[in-house]
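Enquirer: Please build the complex by placing chain B on the supplied structure of chain A, with the hints as guidance.
Residue numbers (full-length UniProt numbering), protein chains in the order written: chain A, 1 to 235; chain B, 1 to 414.
One or more of the hints may lead you astray.
[Unchecked claim] Facing chain A, a subset of chain B residues (Cβ under 7 Å, in silico):
hint: 1; residue: 7
hint: 2; residue: 320
hint: 3; residue: 323
hint: 4; residue: 324
Since the hints were derived computationally from the structure, they do not count as laboratory data. Every residue gets a Cβ at the ideal spot worked out from N, C-alpha and C, and that includes glycine.
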Amino acid sequence: MASAIEIDRLAFAWQGDQLTLDIPQWTVEAGETVLLRGPSGSGKSTLLSLLAGINVAQQGTVQLLDQSLSDLSGRKRDKFRADHIGYIFQQFNLLPYLSALDNVLLATQFSPKRRQRVAASGHSAEHLAVEYLQRLGLTSTQLHQTAVHLSVGQQQRVAAARALLGAPELLIADEPTSALDSDRRDDFIKLLLELSEQNNTTVLFVTHDASLGQYFNRHVELSDINRASGGLAHA
Amino acid sequence: MLKLAIKSLANRKTSALLTVIAIAVSVALLLAVERVKEQVQANFANTVSGTDLIVGPRSGDVQLLLASVFHIGALNNSMSWRSYEELSQNRQVKWSVPISLGDSVSGMPVVATTVGYFQHFKYANQQSLQLLEGDWFKRTEQAVLGADAAEKLGYAVGDQLIIAHGTGGISFSEHSGHPIDIVGILKRTGTPVDQSVYVDLETLEGIHGGESEHEAHDEHHDEHADHHHPTDAISAALVGLKSRQMALFMQRDINTAAGEPLTALMPGQTLQQLWKTLRVFEQALNGISAIVVVIGLLGMLTILLASLRERSREMAVLRAVGAGPGTLFTLLVTEAVLLTIVATASGLTLLYILQISLSGIIQQQTGLLFALQWPTVADWWRMLFVVIAGFLMSLVPAWRAYRQSLADGLTVKV
Chain A
1 MASAIEIDRL AFAWQGDQLT LDIPQWTVEA GETVLLRGPS GSGKSTLLSL
51 LAGINVAQQG TVQLLDQSLS DLSGRKRDKF RADHIGYIFQ QFNLLPYLSA
101 LDNVLLATQF SPKRRQRVAA SGHSAEHLAV EYLQRLGLTS TQLHQTAVHL
151 SVGQQQRVAA ARALLGAPEL LIADEPTSAL DSDRRDDFIK LLLELSEQNN
201 TTVLFVTHDA SLGQYFNRHV ELSDINRASG GLAHA
Chain B
1 MLKLAIKSLA NRKTSALLTV IAIAVSVALL LAVERVKEQV QANFANTVSG
51 TDLIVGPRSG DVQLLLASVF HIGALNNSMS WRSYEELSQN RQVKWSVPIS
101 LGDSVSGMPV VATTVGYFQH FKYANQQSLQ LLEGDWFKRT EQAVLGADAA
151 EKLGYAVGDQ LIIAHGTGGI SFSEHSGHPI DIVGILKRTG TPVDQSVYVD
201 LETLEGIHGG ESEHEAHDEH HDEHADHHHP TDAISAALVG LKSRQMALFM
251 QRDINTAAGE PLTALMPGQT LQQLWKTLRV FEQALNGISA IVVVIGLLGM
301 LTILLASLRE RSREMAVLRA VGAGPGTLFT LLVTEAVLLT IVATASGLTL
351 LYILQISLSG IIQQQTGLLF ALQWPTVADW WRMLFVVIAG FLMSLVPAWR
401 AYRQSLADGL TVKV
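So that you can see chain A by itself, here it is in the shape it has in the complex:
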């Protein structure tokens, strides 16, 4: 597997407006950890929605793990995402009524591929989930607390553990640290990268905060790869 992400002559516009994204060529190699930085409204979220297969590019191709997303049907893209991409959302997207542990286990519940990888590790999904959560700093009582009762920092750890469970090839994190103070943010990123490395997971970390660059293999400014100037409509 040569590259985790490969973008070729990508063009995307929201509803026929001016182009939000115009990326001639961009590649992330497998195993890389990349920080993608751009100010609000620079098209970060749009790019992520294309990478996650939520939207489809009007022109050009987006290949993840050598699979062109535009070749897949909507349902297959859903499956592909669940199987291969760990996604940490800006709002974490936890189910408030499930416990921290159950939220993490959701990752394997809908993805047979992730279940297989968990099984291949020789541990149960629950065992791994507990391990991740504990390494990310949740106490055993917090494991069984419902998500609504967790602090923002704890919710973020749960979201990270969920994204990592079942060792997806690619981890995409969308501004997961925006709600944290700088000390805890740095701790979190270190842990996240450590766990990713263990799983051999490629990491694409998207943020507006340039100070995090030191932790990653590569620091990319979106404005360097994106030729479109506008794109303020849908940040």
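Expert: Showing chain B alone in chain A's frame:
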């Protein structure tokens, strides 16, 4: 999936609980209506038992039954005492009891009969009449009251009553010269017996004495020891046969006999005939319970649809972790079916609780006895119908969620 549905429901306790209550109440009502119907029918069929034939003047079966057993309506003709005597001496007849109707006490029908009535009249499952207090009448000018009659008229043993001619509530010809002593009050039966005032045939004759022309018939003889017949015409006779199998032949014989035109009916058969005429009542009850269930289910539909909006985030999260639109569809349907199953079970429980706690009062008020019983096959079908209806209804919000999640994709609206 089931676990997820349960936890999601638990997260929305209040609305889920309200839905369950709404459906449970309608299920309880649906089943209760059915039981009331069955019990009314059973009680109806129980009004008379052990009597093989009722014989009266020529009239319609239903008319004769209504008059002789339910004391509703009147018979245009009467049956002569001579015919009654002939009947009672028939070889097939084991016992016979004459009854004479047409008078009342403040609207309560007076049944003039013999003491034999209390021995032979049976209701429900061959149950005999029993006294609550006092004794049977032993001579003329004495009366035994049904439970309701005693209660409504406010009489107790030892009081006196005045019989009025005619069956209306207000009569202009009261037999005020003939006060009658109340000697006994019957236990409640849940049949028209409760409404009646029982006196001896001769009492009535004494009251009516001089008004009728019977004095000219002294030459008639009967089996009474004094060879005096108590009256010359009666309204009907209850007949018990030596062998029940003979009822059909006897009925035909009487109906086709050459003498006085008479009608004989078999109570069970005619009761059924009568019940059939009450179909409308049955259908109305069914209609009402169906409407109640529909309202309960519509309530569930409303709540499910309303909850979709607040759950759009939940749906998006599930989609984000890999649940396809089909999974969300299944989730919502599972949830609704779960709700209806729980609600249906609660409805059944509610019914039993109500039945246990209220059966005493109901029996006292209406005489209807609601026996505790396992749900009948029909009950199970009804409950299954509710669950299936719940499932079908849940397809609406589930389909909407499916469409919505396809359209919204992973866009999470906070």
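Enquirer: Per the CB criterion, is residue 320 of chain B less than 7 Å away from chain A?
Expert: The hint holds - residue 320 of chain B has a Cβ within 7 Å of chain A, the shortest such distance being about 5 Å.
Enquirer: Have a go at the residue 323 of chain B hint: is there a Cβ in chain A nearer than 7 Å to its own Cβ?
Expert: Holds - the Cβ of residue 323 of chain B comes within 7 Å of chain A, reaching about 5 Å at its closest.
Enquirer: Classify the hint on residue 324 of chain B as holds or violated, based on whether any CB of chain A lies nearer than 7 Å to its CB.
Expert: holds (5 Å)
Enquirer: Is the interface hint satisfied for residue 7 of chain B? The criterion is a beta-carbon contact with chain A at less than 7 Å.
Expert: Given a least distance of 5 Å, the restraint on residue 7 of chain B holds.
Violated hints: none; the structure is consistent with every hint.
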